[in-house]
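Each residue of the sequence shown is one higher than the last, beginning at 1 in my numbering.
In short, the hints are calculated from the structure, not lab data.
All residues carry an ideal CB built from backbone N, CA and C; glycine is no exception.
The reader is advised that the hints may include incorrect statements.
[What the hints assert, rightly or not] Here are the simulated distance ranges between beta carbons:
#, residue 1, residue 2, range
1, A69, G186, 56 to 62 Å
2, R197, V49, 49 to 55 Å
3, V138, A12, 44 to 50 Å
4, T58, L142, 20 to 26 Å
5, L5, A71, 48 to 54 Å
6, R189, A71, 40 to 46 Å
7, I153, G240, 41 to 47 Å
8, L215, D121, 18 to 24 Å
9, A12, F60, 48 to 54 Å
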Amino acid sequence: MREFLAGAALLARGLGQWRRTPGAMALGLIPGTVVGLIFGSALVIWGLVLPGLVDDWTPFADTWAPFWAGALRTAIGLASFGAALLIVVVSFTAVTLAVGEPFYDRIWRATERSATGVVPDVEYGFWRAVGDSVRLIVRGILAAALAWLIGLIPFVGGVLGFVAGVLLTGWLLADELTSRALSARGLDRRARTQLLRSHRARALGFGVATQLCFLVPLGAVAVMPAAVAGSTLWAHAALGIPPRDGSTPGPLPLHPDRSTNARPDSAR
1 MREFLAGAAL LARGLGQWRR TPGAMALGLI PGTVVGLIFG SALVIWGLVL PGLVDDWTPF
61 ADTWAPFWAG ALRTAIGLAS FGAALLIVVV SFTAVTLAVG EPFYDRIWRA TERSATGVVP
121 DVEYGFWRAV GDSVRLIVRG ILAAALAWLI GLIPFVGGVL GFVAGVLLTG WLLADELTSR
181 ALSARGLDRR ARTQLLRSHR ARALGFGVAT QLCFLVPLGA VAVMPAAVAG STLWAHAALG
241 IPPRDGSTPG PLPLHPDRST NARPDSAR
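When you get a sec, could you build the whole thing from the sequences and use the hints?
Put into structure tokens, the structure is as follows:
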């Protein structure tokens, strides 16, 4: 539990980047606002048409007792809206990171500079961001489908489906958000996955905290810049990269002999 809370605390530390580089963080609100309006509108429309769709999906329940028909349709409606919400959160993250690549690259570099004094000399790139975003959306749809199936369990499905969805989506968000800082230090997808699994509780803590903030109205827009900054700090802690202030960085690195592929900021 301590590692889980430590991961969540890294998101809060990401908010501290507003104090250091407010300009870069403010620019990071722009792509989230545009994408958030689109996905938010789609979610509202889905919520409005969903009751009629559920009735169309369950004509066989018209002959049931009202209690059981209502219970079935409520379960399907909640599961369907919850699954759509998970897809929206994952898709929002994926699309926002792709279209906002220049903005979030600036936040990442500012966080690297303020936290360690060095910036890895690696370009993440727009098309790489697009590829990662497509993979995230596909995995998010699979996670939402699983949460939807769990949500159909009578009476307890709503709670179980929500918990499963938050955990699954939190893991996906942690994977996607940390990919920039870890890739910049030479870790390929397999190595990044291994690192996340070796610090599973801390990764889940960061991802779940981010996911819960994204579920709050306008939370996704407001928190996205901090999530990018916090994911950079997560990578530093997982790799054992010492911070500028000399405090303890976190768990020991999984690859202690791996080069950070960074150069001092003064050389840039």
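Verification of the hints:
1. A69 / G186: 56 to 62 Å: holds, 58 Å
2. R197 / V49: 49 to 55 Å: violated, 40 Å
3. V138 / A12: 44 to 50 Å: violated, 30 Å
4. T58 / L142: 20 to 26 Å: holds, 25 Å
5. L5 / A71: 48 to 54 Å: violated, 37 Å
6. R189 / A71: 40 to 46 Å: holds, 43 Å
7. I153 / G240: 41 to 47 Å: Hint holds: Cβ distance 42 Å, inside 41 to 47 Å.
8. L215 / D121: 18 to 24 Å: Distance hint for L215, D121 is violated at roughly 37 Å.
9. A12 / F60: 48 to 54 Å: Distance hint for A12, F60 holds at roughly 49 Å.
Hint compliance for this structure: hints 2, 3, 5 and 8 are not met, and every other hint is.
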